[in-house]
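J.: As you go down the protein sequences, you meet chains A and B in turn. For what it's worth, this note's numbering labels the leading residue of the first sequence as 148, then goes sequentially. For what it's worth, this note's numbering labels the leading residue of the second sequence as 2, then goes sequentially.
By construction, these hints were calculated from the structure, which means they are not laboratory data. Each residue gets a CB set at the ideal place from its N, CA and C atoms; glycine is no exception. Treat the hints loosely; a few may be bogus.
Unchecked claim - Keeping only pairs whose Cα atoms sit at most 27 Å apart, straight-line, the calculated BS3-like set for lysine-lysine is:
(1) B:69 to B:55
(2) B:38 to B:6
(3) B:6 to A:204
(4) A:204 to B:103
(5) B:38 to A:158
(6) B:38 to B:72
(7) B:69 to B:103
(8) B:55 to B:72
(9) B:55 to B:38
(10) B:72 to B:103
(11) A:204 to B:38
(12) B:57 to B:69
Claimed, not checked - Examples of chain B residues toward chain A, derived with CB under 7 Å:
(13) 41
(14) 45
(15) 59
(16) 61
(17) 63
(18) 64
(19) 109
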Amino acid sequence: DAEITQSPRHKITETGRQVTLACHQTWNHNNMFWYRQDLGHGLRLIHYSYGVHDTNKGEVSDGYSVSRSNTEDLPLTLESAASSQTSVYFCASTYPSRHHNEQFFGPGTRLTVL
Amino acid sequence: DQQVKQNSPSLSVQEGRISILNCDYTNSMFDYFLWYKKYPAEGPTFLISISSIKDKNEDGRFTVFLNKSAKHLSLHIVPSQPGDSAVYFCAASAEGGGATNKLIFGTGTLLAVQP
């Protein structure tokens, strides 16, 4: 079955370190998104991509970067991790459609920055 | 500024009763609305959606109502079951259902259905 996976599921790192969170989907979706979930803020968009080599900044993009070298993967990189980036991160994907905006989410990565 | 608001952080309901989750929005350009359900340690899963050309959409025990003039939507769950206990996120899109598919999420409401 097609799916979307994230790795690692849990990560503890130190302030200043570079961290990369992986997202892989097998639906061949063009559109992929990264969100962070924090109490009191819901899900906030970090970066998104509409296809290979396309990346766009979302609402809370500072300190994060993404790259899209193929359809299946959109890794999220924290260039220099900060304690404020402790959060749960979700990747999502969708096939562009004029009639449906449903996004399919991965299981999440819980990141702790000490 | 929060464009999609869920003003009730939590809601407790007895099993078998109706659960009503509310969502307000400020952007009049939003034309598609979705509800997602999230269990602990899992990703959100799509529940039900509604286009701005409708005022009601029903799927089994779940019904979403849209009041465009009030910029308000609500999710009704009847009858509520303990397995419905989860965080519910309201989301909105202003892209006409087109290729961009960007969603703006609310802060979520934790629903607890008591047996």
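J.: Sort out whether residue 55 of chain B lies within 27 Å of residue 69 of chain B, counting only the CA atoms.
T.: holds, 9 Å
J.: Is the Cα-Cα distance between residue 6 of chain B and residue 204 of chain A 27 Å or less?
T.: Holds. Residue 6 of chain B to residue 204 of chain A sits at ~22 Å (cutoff 27 Å).
J.: Between residue 72 of chain B and residue 103 of chain B, does the CA-CA distance stay at or below 27 Å?
T.: This hinted pair holds, its Cα atoms lying about 19 Å apart.
J.: Under the criterion that the straight-line Cα-Cα distance not exceed 27 Å, is the pair residue 57 of chain B, residue 69 of chain B satisfied?
T.: Roughly 11 Å between the alpha carbons, so the hint for residue 57 of chain B and residue 69 of chain B holds.
J.: Have a go at the residue 63 of chain B hint: is there a Cβ in chain A nearer than 7 Å to its own Cβ?
T.: violated, 15 Å
J.: For the pair supplied as a hint, residue 69 of chain B and residue 103 of chain B, is the alpha-carbon distance within the 27 Å limit?
T.: Holds, at about 20 Å.
J.: CA of residue 204 of chain A to CA of residue 38 of chain B, is that 27 Å or under?
T.: Given pair residue 204 of chain A, residue 38 of chain B holds - Cα atoms ~26 Å apart, limit 27 Å.
J.: Under 7 Å is the threshold here; is the Cβ of residue 64 of chain B close enough to any Cβ of chain A for the hint to stand?
T.: violated, 18 Å
J.: Between the alpha carbons of residue 55 of chain B and residue 38 of chain B, is the straight-line distance 27 Å or under?
T.: Holds. Residue 55 of chain B to residue 38 of chain B sits at ~22 Å (cutoff 27 Å).
J.: For the pair supplied as a hint, residue 38 of chain B and residue 158 of chain A, confirm whether the alpha-carbon distance does not exceed 27 Å.
T.: Satisfied, since the Cα-Cα distance of roughly 24 Å is no more than 27 Å.
J.: May I ask you to test the interface hint for residue 41 of chain B with respect to chain A, counting a Cβ-Cβ separation under 7 Å as satisfied?
T.: violated, 10 Å
J.: Given residue 109 of chain B as an interface hint, is the shortest Cβ-Cβ distance to chain A below 7 Å?
T.: holds, 5 Å
The structure fails to meet hints 13, 15, 16, 17 and 18 from the earlier list, while all remaining hints are met.
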